[in-house]
Every structure is written in C-alpha cells, then in structure tokens.
Amino acid sequence: MLGVLALLLDMLIAALLGTTIFYAMRLYSSLSSFREHRDDFERVVSKLVTSIEQAEQSIKKLRETGNEEAGNLEDMIRHARETVDELRMVNEASGNMANRLEDLAEKNRKIAENMDSRAPYKAPRTAAPPPRQKQEPPAKSARPEPAERQDAKQEAVKIKATNENTEEEASFPSFFIQDREVQESPAKKAVKKEEERHKGFEDAFEEEDEEESPIPPSLQSQAERELFFALQKNKRKPVSGGRS
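For the sequence shown, our numbering begins at 1 and goes up steadily by one.
Keep in mind the hints are simulated off the structure, nothing from the lab. Errors might be hidden in some of the hints.
Calculated lysine-lysine pairs in the PhoX-like style (CA-CA distance at most 25 Å, straight line) [what the hints assert, rightly or not]:
1) 61 with 47
2) 47 with 110
3) 47 with 60
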C-alpha cells in the first residue's frame, strides 16, 4: 500500500517536472528570439521617441505661430475699426459740407433772382416825333412843363432809386461768396449805363434858362439826339408864345 502511494507520488512529480521543463524550453526560445530582435526593437523605440519629440516641437511652434497670428489679426481688426471710424467722420464731414454748399447755392440763387428782378429794364428807344406846326398857345402866368420832360425826370428818379437799392444789396451776410463778377453783375452795369445815358437828359432839363444847350456826350445814337432836339423845341415853344 505504501509502495503504491510512493509510486503515484513519483509519477506526479515526474509529470510536473516535465511540464516545468517544457515551459522552460519555451521561455528560453522566446528569450533567444528577443535577443535576436533586440536591436530592431531599440531602433523602433528610438524612432518613436524622436517622433514624439518632433511632435512636441511642432505643437510648440504651432502654438507660437497661432499666438503671433492672433496678435496680428487683433492689430488688423483694431486698425480696421480705426479706419472705419475715420471714414465715418470723413463721410459725416463731407455730408455736412455738401449740405452747406447746397444751402449757399440756394441762397446765392435767390439773391441773384432778387437782383435780376430789381434790375430795371432798358427803356425802349422812341423815334423822333413828327414835326408839328407852330401854334401860339394862350398866354399863361406860368410856363407848362412838357410831358416828355416829366417822363424823362421820372425815369431818371427811378434809375437813381434802383442804383441805391443795388448798392445796398452789396452788404450781404458773411456766408455770401465775394466775387468780382458777382459784384460787377450785368444788372448793375446796365443800371450804371442807363444812368449815364439819361444823365444828359436830366442836365438838359435842369438848364431851363439857357436858350440853346450843347448835345450831351452820352447821346450817341441818332434817335436819342432827335429826341433831345424835340424836347428842346417843346421847351422853347411856351417861351416864344408868351413873348409874341
């Protein structure tokens, strides 16, 4: 009985020993293969470490580049905002200037219309009246004044009043654009020319005591001279009638 038990124990120990030898052989073969491929494994590990370092450097550079580009982008955005503000101010200033120019143009247009409306029209040249037969008027205490003389005097008074109004219009507000062409407008020149033209008539009418008056230099056309001679004849008619 004891011999059988000892035999069983020996067989169990032998089986366990064989199993141990088998696993030991496998481990030895694995270690041998590991020793053979150790250099390759070290090369792979070194490549992996190098790749990790390159990745870390790339990430660092990417972060620095991102921060730099973010700063540049912020500067560009800030500069763009400043430019937008400046453009807005320029746009507002140009709009205000355009409105002021429109107001000035409208006021100048109204002033020009007022000056044109106040400027006198040129008196049409009247032809010389046909010769009249001498008629002796009844004797009167006072010599009557011819109608042509009254019309000419009224026209001269109107021209003087218009000239005074034109000179008063020279004191415009400060916003009015001063220009020589505007100051010497055609209407003012026409008024001066008309005043010089009728100055001879006024001087001739004031010299009532003289029997013959010289022709004023302002009377250039033949029609004006004929009208002047006709007025002189009408002025002398009452005198000759009273003496006869």
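A quick look at each hint next to the structure:
For the hint pairing residue 61 with residue 47, the CA-to-CA distance comes to about 21 Å; that is within 25 Å, so the pair holds. In summary, the hint linking residue 47 to residue 110 is not supported, as the alpha carbons are separated by about 92 Å, beyond the 25 Å threshold. Restraint check for residue 47 and residue 60: satisfied, since their Cα atoms lie roughly 20 Å apart, inside the 25 Å limit.
The structure fails hint 2 only (numbered hints given earlier).
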